[in-house]
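S.K.: Put together the whole structure using the sequences plus the hints.
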Amino acid sequence: MSKIFPFLTRTRRGLIPARPPTSIKRESKNSGCFQSFLSYPFLQQPHHHTVHNEAPDGAPIDPKLMRIQRTTSPRPKVPQKELVFGKVFSDHMLEIDWDYKNGWHPPVISAYHPLSLSPAASVLHYALECFEGMKA
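Going by full-length UniProt numbering, the residue at position 62 of the sequence shown is 62; the numbering climbs one at a time, nothing skipped.
No lab work stands behind these hints, which were simulated from the structure alone. Please note: incorrect hints may appear among the correct ones.
What follows is a set of in silico ranges between Cβ atoms, one per label pair, in the way DEER data are often shown [said to hold, decoys possible]:
| hint | residue 1 | residue 2 | range |
| --- | --- | --- | --- |
| 1 | K77 | E132 | 41 to 47 Å |
| 2 | L128 | H105 | 28 to 34 Å |
| 3 | S73 | K135 | 44 to 50 Å |
| 4 | V88 | E132 | 19 to 25 Å |
| 5 | P79 | M134 | 20 to 26 Å |
| 6 | P114 | I61 | 32 to 38 Å |
| 7 | Y126 | Q69 | 16 to 22 Å |
| 8 | C130 | D97 | 40 to 46 Å |
| 9 | P119 | A59 | 25 to 31 Å |
| 10 | E132 | W98 | 27 to 33 Å |
| 11 | D91 | A127 | 27 to 33 Å |
| 12 | A127 | V78 | 38 to 44 Å |
| 13 | S73 | F131 | 18 to 24 Å |
Because the structure is a prediction, the values reported are computed rather than measured. In this text, a Cβ means the ideal position worked out from N, Cα and C, and glycines have one as well.
M.R.: Shown next, in the form of structure tokens:
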């Protein structure tokens, strides 16, 4: 049994409900009242997740189509003893776009530049979600 989720039992296949909970309550430190969570029926049922291969058979990565765009302002070469991971970067980077309709686009080696990310990208929210989950 888990201290965080006492209603789950650990097995070789993962966590499964030990008994069907009706409601689990915890005392709120701020208000002093009890808050009920896990009261939704779908949370009380065991869930089985299956990954389906739904990606289309789009274009594979073709190295023959690679374009190379050299930088116009190369940086000075750093001595090997001063190379630090995450601090020193190359002058170029590889980018390969992918979309659901066409699959992989031609690879491009271009000058080092900032990446464009949507503010809704899950990678930007993952750490915060883990932190909030650990607080609960």
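S.K.: All hints, please: hold or fail.
M.R.: Each hint tested on the structure:
1. Restraint check, K77 to E132: a C-beta distance of roughly 44 Å satisfies the suggested window 41 to 47 Å.
2. For L128 paired with H105, a C-beta distance near 31 Å keeps the hint of 28 to 34 Å intact.
3. At about 46 Å, the beta-carbon gap between S73 and K135 stays in the expected band of 44 to 50 Å.
4. Here the CB-CB span from V88 to E132 is close to 34 Å, at odds with the stated 19 to 25 Å.
5. Evaluation of the 20 to 26 Å hint for P79 and M134 yields a failure: the beta carbon distance comes to about 42 Å.
6. Separated by about 24 Å at the C-beta atoms, P114 and I61 break the suggested range of 32 to 38 Å.
7. A hinted range of 16 to 22 Å is violated for the C-beta pair Y126 and Q69, which are about 31 Å apart.
8. The supplied range of 40 to 46 Å is broken by C130 and D97, whose beta-carbon atoms lie about 29 Å from each other.
9. Distance hint check: the CB atoms of P119 and A59 are about 29 Å apart, consistent with the given range 25 to 31 Å.
10. For E132 paired with W98, a C-beta distance near 30 Å keeps the hint of 27 to 33 Å intact.
11. At about 30 Å, the beta-carbon gap between D91 and A127 stays in the expected band of 27 to 33 Å.
12. For the pair A127 and V78, the beta carbons lie near 30 Å from each other, so the given range of 38 to 44 Å is not met.
13. S73 and F131 have their C-beta atoms about 39 Å apart, which leaves the hinted 18 to 24 Å range violated.
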